[in-house]
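S.K.: What follows is the residue order along each chain.
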Amino acid sequence: MDLTLSDEQQLVQKTAADFAKNEVLPRAAEIDRAHRHPKELVARLAELGMMGIAVPEQYGGGGLDAISYAIALEEISRACASTGVIMSVNNSLVCDPILKFGSEEQKQKWLTPLASGKKLGCFGLSEPEAGSDAAAQKTTARPDGDDWVISGVKNWITNGPVADTCVLFTMNDRAKGHKGITAFILPMDQKGVRCGPPDKKLGIRGSQSCQIFLDEVRLHKSHLLGEVGGGFKVAMSTLDGGRIGIAAQALGIARAALEDALAYARDRKTFGKAIIEHQAIQFKLADMATELDAARLLTWRAAALKDGGARHSKESAMAKLFASEVANRAAKEAVQIFGGNGYVEDFPVERHYRDAKITEIYEGTSEIQRLVIAASLLKE
Amino acid sequence: MQFDLNSAQGQLQIRARTFANEVLAGRAAERDRTSRFPVEEMAALADLKLLGINIPSVLGGSEAGVVAYAACMEEIARADASVAVTMAVTNMVGEVICRFGSEDQKRRWVPELTSGRAVAGAFALSEPQAGSDPASMRTLATKTKNGWRLDGTKQWITSGDRARLLIVWARTDQGAGGKSISTFVVGRDTRGLSVGKPEDKMGLRGSSTVPLSFDGCEIEDQALLGNVGDGLKVALAALDGGRIGIGAQTLGIGRAAFEESLSASKTRSELSQHHQFALADMSMELDAARLLVWRAASLKETAQPFSRQASMAKLFASEAAGRAVSAALTIAGNQDNAALHRYYRDARVTRIYEGTSEIQRIVIGRALSR
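Top to bottom, those sequences are chains A and B. Using our numbering, the first residue of the first sequence is number 1, and each one after it goes up by one. Using our numbering, the first residue of the second sequence is number 381, and each one after it goes up by one.
Among the hints, a few may not be true.
[Said to hold, decoys possible] Below, computed lysine-lysine pairings styled on DSBU-like, alpha-carbon distance capped at 30 Å:
#, chain 1, residue 1, chain 2, residue 2
1, A, Lys273, B, Lys559
2, B, Lys646, A, Lys179
3, A, Lys118, A, Lys191
4, A, Lys119, A, Lys176
5, A, Lys273, B, Lys613
[Unchecked claim] One-sided excerpt, in silico: chain A residues whose CB lies under 10 Å from chain B:
#, residue
6, Met1
7, Asp2
8, Ala265
9, Phe283
10, Glu315
[As the list claims (entries may be wrong)] Which stretches of chain B does chain A cover? Using the computed rule of at least three CB atoms under 8 Å from a CB of chain A, they are:
#, stretch
11, 619 to 627
12, 640 to 646
13, 653 to 662
14, 666 to 678
Since the hints were made in silico from the structure, they are not lab data. Source: prediction; values computed, not measured. We treat Cβ as the ideally placed atom computed from N, Cα and C, and that holds for glycine.
Starting from the given sequences, assemble the full structure and let the hints guide the process.
M.R.: Set out below in structure tokens:
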């Protein structure tokens, strides 16, 4: 048991924290209100090596570990959860599967620009009728000579409106169920690809998501990611890592809620004393801090397992489930501590409250995480 | 970053687990039913060097550190939480003497605890009117020619009737507040010390909890532990460490309930989603609790501040275990399971002793408000 960060991890933390405080936080409220994709911040993240943190340097990445990734993502999300998820999708859901399942040629061609942040990625798994039940894919892929022809609709695709490259999932043999799913690398400017208007969301409004319409999109077989029929494995393995990212994003939101609430509670006075002196407020803060620490330990544990090459489905699900629920409780209590000021846009906590909710939904709802954990326990 | 135990810690954990499975588990229900104090079991723990896990080997301890202590405590508590609390207090008393005692005091008393000759150690801080607020204690220590005379009453003293060695807090002057409290080591056979009727408790029935009265109880100068007036500091430092032990104990109780539920679940052909979700939540919260406990232990072991983290660990672990024992009963449905009943009863006190959940929140809240 040793929870000390290495020198390298401390440096990552400091770099991310400084950037978050100086450049991200001052823009967070404006980005949220304008529903604006923070292009300039994504460019800066690329300069800092944070769009492909755990990708080896030979492919344009930061060459760091999953713990560093979680640490950096928490810091960025503490300032702006929208910027956090843009970074998370590119790192976990796009770079990771190409690194793990891509051929050397694919890594050179697709991974290097994504990991270095020259290009931005998105992850095309969900569909209007395939969310939690990812195997119910309707997007079809049919072989035609050396090509595949793909048609269908993808839903809620984070970064969709601004992405260059998509890791796309399709069904090429419905009779085989989840073994009929195949993954591709899709350039978003390919003929037949069209994005719908950005979704109007409750929170993380600076992160743009949309439907993607695929109409007879023709891809050469060199775009296949992994094996034909191996797509479900690609998706599940990718989400195991992605959940570490969302857990870290949730940690950042929870920390924002706690730190903002603490600062407010020290300052705000009622009945002649700072409200932090009232037990009703102090107990809320104590619970928020305790749960946040527990959530971070679960997240780092999952990341450490990933770094060690061990299976971590159960641990990632636990981290994501716990951290997302902690973020929601923390944001709820932060609004309560701020009182009326928690309900208006002049203060940041209403944003944390809205941003927190999605972490219980995407990359597997809380209910899906519980099924993953239970299945793993019953198999052990 | 390293989340596993090292090999020495792992070996001690296995030693504790083997003993818990092979010796403790079989008769835990009987000890609970008959409220039998675990005399032989404590002797066996001494032989296994589990009564001084974080105590130097020259004093009879196993010198394995705080993380190993937490890991072993969880294993013992998983089989029998009553034995575990008796073991926890004994370890804590030994550690307090190690930390605040002179060389002579350490050599004289610590081996009594680690060898099992003292049977157990006891920690006499609480009083009928001073539980969460120890600074309001009334027991008096009056200076005599050769030492001190104790007068007063202590309450809820774990192992107070069995321990041959007790640490007792008393007021060394009439002034108010914490600065007038001091710490003493008192032998069980000291004249003037008498034991009241054991409490008939809801849980931890295999451990003993008694009131103590001190009536002109004469002790020597050598009995003073640390300086006059340092008592509250000694008590709070001890409780910081104690909370790691109780955090680990409660983890063991929660794990017992969870494992019982999981193995019963594996025999069923189909589980409702509600049932699966209960297992997932129990397992997740216990994992989170263990990480908090081991983090606090690791900080203490490396001599860093750990008071807030120990409170977080104890608070979260005791509440997680409380939820786990409750969920285990729910998903067991109408199956009669006496072990689950025992876990349910045993878990409740972990939210009360060594600082209630509310006191832990005050400790954490104060740390945050600074």
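S.K.: Now, for every hint given, state plainly whether the structure supports it.
M.R.: Comparing the hints with the structure gives:
1. Proximity of lysine 273/A to lysine 559/B is assessed by CA-CA distance (about 27 Å); at most 30 Å being required, the pair is judged to hold.
2. Distance check on the hinted pair: lysine 646/B and lysine 179/A sit about 27 Å apart at the alpha-carbon level, within 30 Å; holds.
3. Distance restraint check for lysine 118/A and lysine 191/A: the Cα-Cα separation of roughly 22 Å lies within the 30 Å cut-off, and the hinted pair is therefore satisfied.
4. Proximity of lysine 119/A to lysine 176/A is assessed by CA-CA distance (about 34 Å); at most 30 Å being required, the pair is judged violated.
5. Between the alpha carbons of lysine 273/A and lysine 613/B the distance comes to roughly 28 Å, so the proposed pair stays at or under 30 Å and holds.
6. Taken as an interface hint, methionine 1/A checks out: its beta carbon lies about 5 Å from the nearest beta carbon of chain B, inside 10 Å.
7. Taking 10 Å as the C-beta contact cut-off toward chain B, the hint placing aspartate 2/A at the interface holds, the least distance being around 4 Å.
8. Hint status for alanine 265/A relative to chain B: holds, with the closest Cβ pair at about 8 Å, below 10 Å.
9. The restraint placing phenylalanine 283/A at the interface with chain B holds, with a minimum CB-CB distance near 5 Å, inside the 10 Å limit.
10. Evaluation of the glutamate 315/A hint against chain B yields a held restraint, the C-beta minimum of about 8 Å falling below 10 Å.
11. Check result for the stretch 619 to 627 of chain B against chain A: violated, 0 residues qualifying (beta carbon to beta carbon below 8 Å, three or more required).
12. Residues of the stretch 640 to 646 of chain B lying with their CB closer than 8 Å to a CB of chain A number 3, which satisfies the three-residue condition for coverage.
13. Counting residues of the stretch 653 to 662 of chain B whose beta-carbon sits less than 8 Å from any beta-carbon of chain A gives 6, enough to reach three: the coverage restraint holds.
14. Under the rule that three or more residues need a Cβ within less than 8 Å of chain A, the assignment of the stretch 666 to 678 of chain B holds, with 9 such residues.
The earlier numbered hints that this structure contradicts are 4, 11.
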